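Participant: Modelling step: build the complete structure from the supplied sequences, incorporating the hints.
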Amino acid sequence: MAEGGGQTRKSRPKKDEEQTQPEEQKASSEATSEVDDLLDEIDEVLEENAEEFVRSYVQKGGQ
Amino acid sequence: MTVPKICGIETEYGIAIREAADFNPILTSSLLINAYAKPAFKRVKWDYEEENPLRDARGFERTPMDSSAVEDESGLVNVILPNGSRYYVDHAHPEYSSPECSNARDVVTWDKAGERILEDSIEAARNIVPDGERVFIYKNNSDGKGNSYGCHENYLVDRQTPFPNLVKHVIPFFVTRQVFTGAGKVGAENGSEGVDYQISQRADFFEVEVGLETTFKRPIINTRDEPHADPDLYRRFHVIVGDANMSETSTFLKVGTTSLVLRMIEDDFIADDFTLAVPVQAMRAVSHDPGCRATIELVDGRRLTAIELQWEYFRLAKKYALDNDFDAVTGDVLDTWELTLDSLERDTMSMSRRLDWVAKLAMLEAYRARDGLAWDAPKLRMIDLQYHDVRRHKGLYYKLQNAGKMERIVSDEAIAYAVDHPPEDTRAYFRGECLRRFSPTIVAASWDALIFDTGDEPLRKVPTLEPTRGTKAHVQQLLDSSPDASTLIHNLGG
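So the protein sequences, as listed, match chains A and B. Just so we're aligned, residue 1 is where the first sequence starts under this note's numbering, counting upward by one. Just so we're aligned, residue 1001 is where the second sequence starts under this note's numbering, counting upward by one.
Some clues are possibly wrong.
[As the list claims (entries may be wrong)] With beta-carbon atoms standing in for the labels, derived distance ranges:
(1) B:Ser1350 <-> A:Asp43: 25 to 35 Å
(2) A:Asn49 <-> B:Asp1273: 47 to 57 Å
(3) B:Glu1308 <-> A:Asp43: 33 to 43 Å
[What the hints assert, rightly or not] Now the stretches of chain A that chain B is said to cover, found in silico as 3 or more residues with beta-carbon under 8 Å:
(4) 35–49
(5) 52–61
The set of hints was computed from the structure by calculation and includes no laboratory data. Note that this is a predicted model, so its numbers are computed, not measured. By construction, the Cβ of each residue, glycine as well, lies at the ideal position given by its N, Cα and C atoms.
Facilitator: What follows is the structure in structure tokens.
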């Protein structure tokens, strides 16, 4: 998923800018935007206090 | 000679409570199951008579002195559901054992039904857990701190097949099938060499090649010989190396390819010798290499990648299938297997819509790129864990699926139906339908028997030793012509 690499959420291209881009670049931007949208959605559901949550997740060994 | 590959998956789910003063996983697991199961099904006991987890496929029986190998959990919650599954507490985890299925696609359906049952259990328990406490259920295999819990597959195998043949041909297959069965994990455990990300949740926990244990010194081949069927005809091959999968493709391939390999072994079809030089080490080497380029050594000196070794099994399986009549599901398994090996070979990340470990890695890499996170960031471990959350509005696997980013094998409708109905072409049909129709008169049940109390007569045991019988085709007419259990017993000739 390197296509997310150089972009931050804030620098995501606006729709009207996309229209002036060459086809290939446009597709890449759309993919980036799609990934960012998904990451935003994950941000919304990800449990808070990740460090404490992960540390306290301890299981009894099973089979 | 090959026998029908009746199969199923048993999954121990991870369980946690937030905002609880003290957390007892056994009590919480019991509470979940009690909250879910309808009263009519809760009073039917599990019949332990035929269970013997200490019988060894190599021919000896161990006296139960090792308390970690056998625990008396008979007093714990243990229900049989109308879909033919068993839902109970095992080793301080809620466990769902799917009903017996006849093919890989059905295993996906009834395994997914298990996720829905756990999700529904959280909802059902909402009003019972103390205010403010929240229950979390994860379909994974590790807490990231050296504690693992299992996802076991079971396959019906011909008793005549010598166990050493299974060991010989299955170990190289198991070591390398991780490239599509792995569920992905951040970091390493259990004394393994450090790694940022690895293919399998479970690989770090395998320490020996063959053995009876399941909770420590875990073996690649487990020798538990407890067929739950006629022991003269069958064994139940108990597979403990697999990861619990969220991806439908991963489960489909895991069960479908393993079934094919077992059939080839039963029919003595594999002339090649792929015996690995050091299987336990190879298990970790494959898992610790998400690039899928590492080679592992065979005893004959060859060095192959996991994908190359899988191609060998694939070519054999394709030829075997063409030589024999094969059904539509087996055809789909072969096509998906080929596509998967081909794609992984060209670009591993191209499988992000199909395989768990790739989907999770793609998500983690996107996060790392956006937020500039190092691999030891707690947030990445949180993503790893939450990928396996069974709640569809919270689980990150389900975020991908809902966004149309995961290929499906079965439909939501089929899964919803499987929550309350058994497969129709194994003995699970008879068990599930009897539960649904006659539960007030059933006092106990197990994989291979139902025990009825029809009134003043002695208890009547109906054995279901043959996994391929008791199908809809066999018993629907019998069930439909039996308005009550007494008539059923009478019609059965009892």
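Participant: Against this structure, judge whether each hint is valid.
Facilitator: Here is what the structure says about each hint:
For Ser1350 (chain B) and Asp43 (chain A), the Cβ-Cβ distance of about 26 Å falls inside the hinted range of 25 to 35 Å, so the restraint holds. In this structure the supplied range 47 to 57 Å holds for Asn49 (chain A) paired with Asp1273 (chain B), their Cβ-Cβ distance being about 53 Å. A C-beta distance of roughly 40 Å is found between Glu1308 (chain B) and Asp43 (chain A), which places it inside the suggested range of 33 to 43 Å. Figure legend: the segment 35–49 of chain A, annotated as covered by chain B; annotation consistent (9 residues with Cβ-Cβ distances under 8 Å, at least 3 required).
Against chain B, the segment 52–61 of chain A contributes 9 residues with a C-beta closer than 8 Å to a partner C-beta. That satisfies the three-residue criterion, and the hint holds.
Checked against the numbered hints given earlier, the structure satisfies every one of them.
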